[in-house]
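2 protein chains.
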Amino acid sequence: MTELSSSSFQLACPIPIQQYPTVVMAHGGGGRLMHQLIEKMFVATFGSGALNARHDSALLQVPRMRLAFTTDSYVVRPLFFPGGDIGKLAVYGTVNDLAMSGARPLYLSLGMILEEGLPMETLWQVVLSIHQAAQAAGVQIVTGDTKVVDRGKGDGVFLNTSGVGVIEHNLTIAPQSVQVGDAVVLSGDIGRHGIAVMAVREGLQFESRIESDCAPLAEPVLALIAEGIEVHCLRDLTRGGLASAVVEIAEAAGVGIQLEEARIPVREDVRGACEILGFDPLYVANEGRFVAFVPAAQAEKTVEVLRRFAVSVNADIIGEVTASPEGTVVLRSVIGTSRVVDMLSGEQLPRIC
Amino acid sequence: MTELSSSSFQLACPIPIQQYPTVVMAHGGGGRLMHQLIEKMFVATFGSGALNARHDSALLQVPRMRLAFTTDSYVVRPLFFPGGDIGKLAVYGTVNDLAMSGARPLYLSLGMILEEGLPMETLWQVVLSIHQAAQAAGVQIVTGDTKVVDRGKGDGVFLNTSGVGVIEHNLTIAPQSVQVGDAVVLSGDIGRHGIAVMAVREGLQFESRIESDCAPLAEPVLALIAEGIEVHCLRDLTRGGLASAVVEIAEAAGVGIQLEEARIPVREDVRGACEILGFDPLYVANEGRFVAFVPAAQAEKTVEVLRRFAVSVNADIIGEVTASPEGTVVLRSVIGTSRVVDMLSGEQLPRIC
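Residue numbers (our numbering), protein chains in the order written: chain H, 100 to 452; chain R, 100 to 452.
Bound-form chain H, shown alone:
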């Protein structure tokens, strides 16, 4: 049971499917067949100037600025899920990591590890999705690599994207900049990506269709900076969810963080699904949500700026930074009790991204 994103069917696969219905080992062999795949499918689709040069490295022109550089591999299962797919995830995930440094994402690399026997049409859908996501996020794919592993030694498609962005501000956006008194702003409701993937993987049907929140986050972040918000720290809420992200920051910054459960939005259908599955939404992965640590005096303005963007229209202040207990996150429940939020020690949802 796989879901394909609606816009993926517009273009026909440029490799003759009759001749090559599936990926074969030679598609990674460095010879004629690999070159055809790269030229006809990848370069023709992604076609940026730098990629067209077809040289070992892409040449980038970045004048006099600080750069951000990040990498992520993507092994999500299944490849297609409500609201997204591995291609979209691979672009937005890396773009979002750059955004969390306050960088403007510019360039992506794309490494593919394909399993022998992968349907060529599936590869094409992933390539199209990467292309559309890159356009939506305003980044260029400038360099790539393709490897094929034997059947049973991979799982369809694994992707790696690395990203380069420029930093056009003088802020130090990092846990070390977090200060006692800072407000914690959350950009929207949590838990959708994890539940969307889990539901399709397990064949679960809920009353409403829960779609992944998978989306690029650079625009709202750059708007915060442009509006003069003195952003102290940003973190996207991927594997491990809101809880792990906030605990990591509390530990790295040596501060306490107090969160108000009542102000953390969780959609009713997501909450219901979490109850059925035995998950705590605080730990469920997101792919289009982040927290911002900002001076309390700028918290309202932060929320106002974020709400201008569809992806963060439900932004709200969910807590504050306290002097103690150091390295600890405390959650005040709706009924007024408090509990310490810890990092997940094991695994909640494997292969969620």
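Everything labelled a hint here was simulated from the structure, so no lab data went into it. Everything hinted at is true.
In silico lysine-lysine, DSSO-like type, Cα no more than 30 Å apart, as pairs:
1. H:Lys139 <-> R:Lys252
2. H:Lys252 <-> R:Lys252
3. H:Lys139 <-> H:Lys252
Just so you know, these numbers come straight off a predicted model, no measurement behind them.
Please build the complex by placing chain R on the supplied structure of chain H, with the hints as guidance.
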């Protein structure tokens, strides 16, 4: 039958092997266990300033220069082979792609896809090898990512490295710069990497031990540029070997290339192994060899500069660029006959890098 590089056993694995003898899914889960692995094994070993910041992106300071950016995934089987291992390959392979743009390699990202059940000690050996290779090549690992896939959905370790380098010259090192009359200079003997991997994979024993030529190439390349060689094009001879690299350049540049078989060094043991296995050394992968296209008047100087470095001590002129036949490589054999060299259409040695 696996070979470990001799220097890999110096440090004990920083993860308690009794407690975690193998990688488990939770090592990729975003929780406490993944954080321990990252902190104790990866950050503690690679420990660059940028990596220590533990933020979503590494911040790079690169003043006013053109940048080169490249990516490669590594799926070599087996993980350890005579003369190298997947870690060394992942560092040198990407460093060499940067060098082939004439860039000075500076920063690497590291993405790991680990298979559940991978022995922790094996992971540690790979990590150590990456660390040593990065030191040898003068690059810093500044950002990373770890994913774990279920048993049977991967093959021990897949790596991706992306690299950023600076270009400190004004040359356009690319196939388009190749000119009729250029000399083709080869940096050393060919075929060792492919044969070394194949021999250990197939359990073959040759009279002498054939080791991979796996090595970083930035030093000799930067020396050529520093010595004023007007380098037109560079290409390392990885998957598809010398033949595929040269055919690719002939096609992209729209020129003919004539090679002299007698001047292409192949070690006797490698030649013998190729005969036994039915391989043509021209197509066998290398991981420490490259060709340089330079003006004929600078060919001797090019060879002289390259021979200063151990990795290219056997450099020699192996051919020249001709006006016709366009896009075609012709090999003149020892006995004076000529044959057209084509790109491999299928697969000679899968998973060689």
